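The listed protein sequences derive, respectively, from chains W, F and S. For the record, in the first sequence the residue sitting at position 43 is 43 according to this note's numbering, with numbers rising by one throughout. Going from the second sequence to this note's numbering is simple: count from 1 and add 1000. Going from the third sequence to this note's numbering is simple: count from 1 and add 2000.
Please keep in mind that the hints were generated in silico from the structure rather than gathered at the bench.
Covered by chain S, per the in silico footprint, the following chain F stretches (three or more residues, Cβ under 8 Å):
{"#": "1", "stretch": "1010–1020"}
{"#": "2", "stretch": "1087–1099"}
{"#": "3", "stretch": "1108–1118"}
No experiment lies behind these values; they were computed from the predicted model shown. Even for Gly, the Cβ is constructed at its ideal location relative to N, Cα and C.
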Amino acid sequence: MQLVVGVAEMRVSNQHEHVVITHALGSCIGVAIYDPLVKVGGLLHYMLPDSSLDVEKGRENPCMFADTGIPRLFRECYSLGALKHRMLVKVAGGSQVLGGPEHFNIGRRNYAALRKIFLKNNVLIGREDVGGSKARTMYLEIATGKVWVKVIGQNQTIIEL
Amino acid sequence: MAYNVLIVDDSATMRALIRKVLVISGFDVGEYFEVGNGLEALEVLEHNWVDIILSDLHMPEMDGAGLVQELKKHEMWRHIPVVLITTEARPEVINPFLNLGVQDYIQKPFRPETIREKLSGLLGEARTTDASEIESCDF
Amino acid sequence: MLAKLKAATFEVLETMFYLFPESLEEGEILRSRGPFLRSSVTIAGPQAISISVQVPQSLARKMAANFLGTDEEEISQPEMEDILKETANMLAGSFLSKLEASAAFKLLTPTVQMLAAPEKNKKDPDKRLRFEVEEEVMELFVEKR
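Work the whole structure out from these sequences, hints included.
Printed below as a string of structure tokens:
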């Protein structure tokens, strides 16, 4: 059964039949975390790096921002029995639609925000597929913790992260 | 088996970051030794068992080149794996070290994940670990 | 050459400090409050130059906190000075790599100083890069030695 994560949303699950999916990751970032021992996982699809851009929105919809969404993703998985030190972390998205480093590049900023939060909280990324200019779809299978990324383009390739 | 690690860099904040990344990576580290140049590194080696050396190149007193030359002269130290963590990536600068038997190098600026990847194997397997003892976290 | 230094700056600040500098045009006014920290590193060789990076202390504090993954309150004065030296060192190293400079060019140990007011570089004003970083000014100077 598919659980679809919309833009600025997240889903966590411990139901083995669930595959958590998020579509249309462009400059947004998808973060999949999974505890293989208790088979609990979650997927977040955030849009922007920092809720200080709009504190009110951050309160209303924490999953819109990296700094409010990422802690919430981990905590919701903890509430289903996951432990931080067992968590496998996979990341996709953050693509760049236009221009070089001088452009206000939201994809790169989204990715840098994630890395900053992770370093502060002692988390390293296990596998990732970030950057480029294509949109991606991300899948997390709760039974196994496997993550796939489909790159949207002429030949739609699917890779396992 | 726990590995004793010697970090040689004249920047204390860089040493602190490298150490933090080793802890988060879950490497099985026994003792950490941190020093600011090659001479101090030799001093640590005189008195302690070290399994791997992570060294900068540009340092005062004795730089990374001087340190590697000293290591290769001594039977006791010759086989200790050395990984350079340096701003240098120019082949003319790095290649002579690789020819001398330096295991690998990591260019600054680096991502923490690169440290974990490059040191996997040399420092055993990275495993997920409870790093919560290092400091308070937001989650 | 300045384009390569600019690229090195973006790379170092994004990778190790999670910061995104934006170029300021000549004459574009943005003031930061002091004190300032300025670190210089000499590239010795056939044509020796020094590269200096100057930031207000508040930005050095933010840089050190981001670098170490800690809070700004935890950062000490020596850590701010140290991080600026390491920044100058990484900028110069990355710059040399991008130039594919020969091994005859060597990086020397960076120095750091504290300045009450931002130091102007009147001798050679075209060898200057100015960036806005988190609403503060970061300046880079390239000087012949």
